[in-house]
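Number of protein chains: 2
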Amino acid sequence: MKAEIITIGDEILIGQIVDTNSAYISSALNKIGVSIYQITSIQDDESHILEAFAAAQSRADLVIVTGGLGPTKDDITKHTICKYFNDELVFNQGVLDHVAHLFKEYIKKPMLDANKTQAMVPSKAEVLVNEFGTAPGMWIENDNTIFVSMPGVPYEMKGLMENEVLPRLQKQFKLPYILHKTFLTYGMGESAIAERIERFENELPAEIKLAYLPSLGRVRLRLSTSGLYKEVVEVAMQEQADKLLPFIDDIFVGYESDGEFEQVVAGLFVEKGKTLAIAESCTGGQMVERFTAHSGASQFLKGSLVTYATQSKVDILGVDPGVIKEHSVVSAQVAEQMAVNARKLYKSDIGISTTGNAGPLKGDSDAEVGTVYIGIATENGVTAHHFMMGNHRERVIGKAVNKALELLKEELLSK
Amino acid sequence: MKAEIITIGDEILIGQIVDTNSAYISSALNKIGVSIYQITSIQDDESHILEAFAAAQSRADLVIVTGGLGPTKDDITKHTICKYFNDELVFNQGVLDHVAHLFKEYIKKPMLDANKTQAMVPSKAEVLVNEFGTAPGMWIENDNTIFVSMPGVPYEMKGLMENEVLPRLQKQFKLPYILHKTFLTYGMGESAIAERIERFENELPAEIKLAYLPSLGRVRLRLSTSGLYKEVVEVAMQEQADKLLPFIDDIFVGYESDGEFEQVVAGLFVEKGKTLAIAESCTGGQMVERFTAHSGASQFLKGSLVTYATQSKVDILGVDPGVIKEHSVVSAQVAEQMAVNARKLYKSDIGISTTGNAGPLKGDSDAEVGTVYIGIATENGVTAHHFMMGNHRERVIGKAVNKALELLKEELLSK
Numbered sequence: 001m002k003a004e005i006i007t008i009g010d011e012i013l014i015g016q017i018v019d020t021n022s023a024y025i026s027s028a029l030n031k032i033g034v035s036i037y038q039i040t041s042i043q044d045d046e047s048h049i050l051e052a053f054a055a056a057q058s059r060a061d062l063v064i065v066t067g068g069l070g071p072t073k074d075d076i077t078k079h080t081i082c083k084y085f086n087d088e089l090v091f092n093q094g095v096l097d098h099v100a101h102l103f104k105e106y107i108k109k110p111m112l113d114a115n116k117t118q119a120m121v122p123s124k125a126e127v128l129v130n131e132f133g134t135a136p137g138m139w140i141e142n143d144n145t146i147f148v149s150m151p152g153v154p155y156e157m158k159g160l161m162e163n164e165v166l167p168r169l170q171k172q173f174k175l176p177y178i179l180h181k182t183f184l185t186y187g188m189g190e191s192a193i194a195e196r197i198e199r200f201e202n203e204l205p206a207e208i209k210l211a212y213l214p215s216l217g218r219v220r221l222r223l224s225t226s227g228l229y230k231e232v233v234e235v236a237m238q239e240q241a242d243k244l245l246p247f248i249d250d251i252f253v254g255y256e257s258d259g260e261f262e263q264v265v266a267g268l269f270v271e272k273g274k275t276l277a278i279a280e281s282c283t284g285g286q287m288v289e290r291f292t293a294h295s296g297a298s299q300f301l302k303g304s305l306v307t308y309a310t311q312s313k314v315d316i317l318g319v320d321p322g323v324i325k326e327h328s329v330v331s332a333q334v335a336e337q338m339a340v341n342a343r344k345l346y347k348s349d350i351g352i353s354t355t356g357n358a359g360p361l362k363g364d365s366d367a368e369v370g371t372v373y374i375g376i377a378t379e380n381g382v383t384a385h386h387f388m389m390g391n392h393r394e395r396v397i398g399k400a401v402n403k404a405l406e407l408l409k410e411e412l413l414s415k
Numbered sequence: 001m002k003a004e005i006i007t008i009g010d011e012i013l014i015g016q017i018v019d020t021n022s023a024y025i026s027s028a029l030n031k032i033g034v035s036i037y038q039i040t041s042i043q044d045d046e047s048h049i050l051e052a053f054a055a056a057q058s059r060a061d062l063v064i065v066t067g068g069l070g071p072t073k074d075d076i077t078k079h080t081i082c083k084y085f086n087d088e089l090v091f092n093q094g095v096l097d098h099v100a101h102l103f104k105e106y107i108k109k110p111m112l113d114a115n116k117t118q119a120m121v122p123s124k125a126e127v128l129v130n131e132f133g134t135a136p137g138m139w140i141e142n143d144n145t146i147f148v149s150m151p152g153v154p155y156e157m158k159g160l161m162e163n164e165v166l167p168r169l170q171k172q173f174k175l176p177y178i179l180h181k182t183f184l185t186y187g188m189g190e191s192a193i194a195e196r197i198e199r200f201e202n203e204l205p206a207e208i209k210l211a212y213l214p215s216l217g218r219v220r221l222r223l224s225t226s227g228l229y230k231e232v233v234e235v236a237m238q239e240q241a242d243k244l245l246p247f248i249d250d251i252f253v254g255y256e257s258d259g260e261f262e263q264v265v266a267g268l269f270v271e272k273g274k275t276l277a278i279a280e281s282c283t284g285g286q287m288v289e290r291f292t293a294h295s296g297a298s299q300f301l302k303g304s305l306v307t308y309a310t311q312s313k314v315d316i317l318g319v320d321p322g323v324i325k326e327h328s329v330v331s332a333q334v335a336e337q338m339a340v341n342a343r344k345l346y347k348s349d350i351g352i353s354t355t356g357n358a359g360p361l362k363g364d365s366d367a368e369v370g371t372v373y374i375g376i377a378t379e380n381g382v383t384a385h386h387f388m389m390g391n392h393r394e395r396v397i398g399k400a401v402n403k404a405l406e407l408l409k410e411e412l413l414s415k
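Heads up: the sequence lines are chains A and B, in that order. For the first sequence, position 376 (counting from the first letter as 1) is numbered 376 according to the working numbering, and the numbering increases by one without interruption. For the second sequence, position 289 (counting from the first letter as 1) is numbered 289 according to the working numbering, and the numbering increases by one without interruption.
If you're looking for bench data, these hints aren't it; they were derived computationally from the structure. None of the hints are false.
Which copy? The list can't say, so a pair holds if one copy fits it or any two copies do.
Pairs of lysine-lysine residues, derived as DSSO-like cross-links and limited to a Cα-Cα distance of at most 27 angstroms, are as follows: (1) LYS325 / LYS344; (2) LYS73 / LYS209; (3) LYS243 / LYS73; (4) LYS83 / LYS73; (5) LYS31 / LYS73; (6) LYS108 / LYS73; (7) LYS83 / LYS209; (8) LYS409 / LYS109; (9) LYS108 / LYS409; (10) LYS73 / LYS2.
Same shape as in the complex, but just chain A (with noise of 0.2 angstroms):
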């Protein structure tokens, strides 16, 4: 089954907004065997919405709408459906008692007559009910191309996929086996790891591919295949990736089915029975969010500080002022103190600090934008690693907790 993506709105053709929905739904059609061949972002105006949507079903056997279906005058997306489909808008109770509830239980105001509107459905459609949001989802089948359109709005626009859009692809048709498997590697670039893997690439068969996907101090390798038997394409693929993991043995740190970086990382925590302490200045937090974006987080880290200014790093987590005038702020000194007291704070096994320059203004120290030292203690005793990241302050960030990363998992595989 191959699909195409459709998303309405002006916002993200002047790049007011990312548009992350396109991402969730071609992951999520993939998981259940669905092909994405194209994804169309178009502005909210009548002629190029009518256009795109012929292109797409002139392609494809599903396409999937986002965008367009608020309240508010800008909003046509349903006024163009009737009209691409020759159908009128027709009332339906079911949406109006669906917005009625949400108001009653949730938004607690008096419903208003723009949020009426939203009962307003075009006859050809079903209606997919909008768990979190005023208004509904609609599946219209075209000539055998289905249509499915859907908010904007990315945890409505989820909601509907997982209640209502892959449910029904499913129960209606019999779908292939679409797998990805994608290897974490750290610290080469991807033309020496080419070189490195030409033979496993060469013998690679036709129906499994390979791509380099290249980012801050990592290339990841995905393989992917289909198939319509998941015993079979699952054996095809272990097939090549015990093939290709000896190729990459010192660089490999993980699948990324594990979760990102972080949570393979986190994995460890929680399975060394270990615990967590961080204090960052030049990364600034991005390493602690890092890991309680994901739940569980609680489970391994006792916590963290964020020492910005120097003053606190001295107050509170009691690093040396002698030390600090002595060696400079942004010194492996200060991260080995930062990350021993930190430790000690929060009564951890680990303590991981981060000090340095992430620029573009100069801050507390004179060191070159891009300095970074990565300070980690353990009951062992403490080191410091000292690196220079370049001159892009969003990419030093990055770069730093990324390389905190690998320390804390050398140290957890250490032993």
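With chain A's structure known, arrange chain B on it following the hints.
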């Protein structure tokens, strides 16, 4: 001038990455007067790329292409460009010198054969220097349409846009002035706002467009217009802004051009000469991360603590264990002690705290999922606010941080 963006890469179509490049490119082009008509994401597949090129060329004056320029076998954009323009790859000494320079200065490893192939470029293309990577950008003019091809790595693409693409477009064309003005509002739903500003919306001149962008606890109202003369456009926009503001003065917090909400609040801290300390529990570091994601946070932010575990609230923040026992760790009393003690620890003017349960697990307290207390302490005392923020982890955290920012803003503007 009408532009389209084509992003190439299987990783987008399977939802492995979110396409952030398109938003950046759209916004950057808009700022110099170029409108984006459509964004299309397609696979690394020759026939699909050729089809998308032709479709875009039939509609647009400028086609920006990203992705598929890496040195590995899965990258086919350059060969496909040759096919589309009936061209061939030729050796370019300048590109090779640049790649050799990058390897010598930054990568500090020997150049590989795969990297040398970066110096092969279509003969019809002008090379655009990629300061941050080995794959050159390319600029090809064909039948009144300009094609620009850039790598998909975001910071490489951004460097090429800023150093090469935008200046060339501005030099080569007389572009109109596009102006968006976005009003950030908090605390009222979009339908209610629409009802309130109905008269304003009805009287809006045809050349100015109004859009509603609802998200976590806030609605952004955007006015968009364009014209040949910057001054005329600005006067027309200001006239409408002056009409709109009286309708929304109680819910308006600032303009998006002043930055994200946290930047508006950061600006107020600097303007008022006040400092901040943060103690986070349920928001897990997201509040401090929002502030430190922008340069200059050290001007007002003394530091932050994430006291995720109950014990660390006692040990580090000095919260009274008796109070925790009596009122539970998720309570107004604990939020107040956290804010007061964070303020004392960091010697700041204002202390702010969060304690709550973002779910999906209940953690260290029995509080219902979605319960959040925010404490705010100043020289004049401390208050705590109670909220129920639903049962969606990501939204609870995001809403709690936005609420905390609102409280900080109110405090800073209160006298």
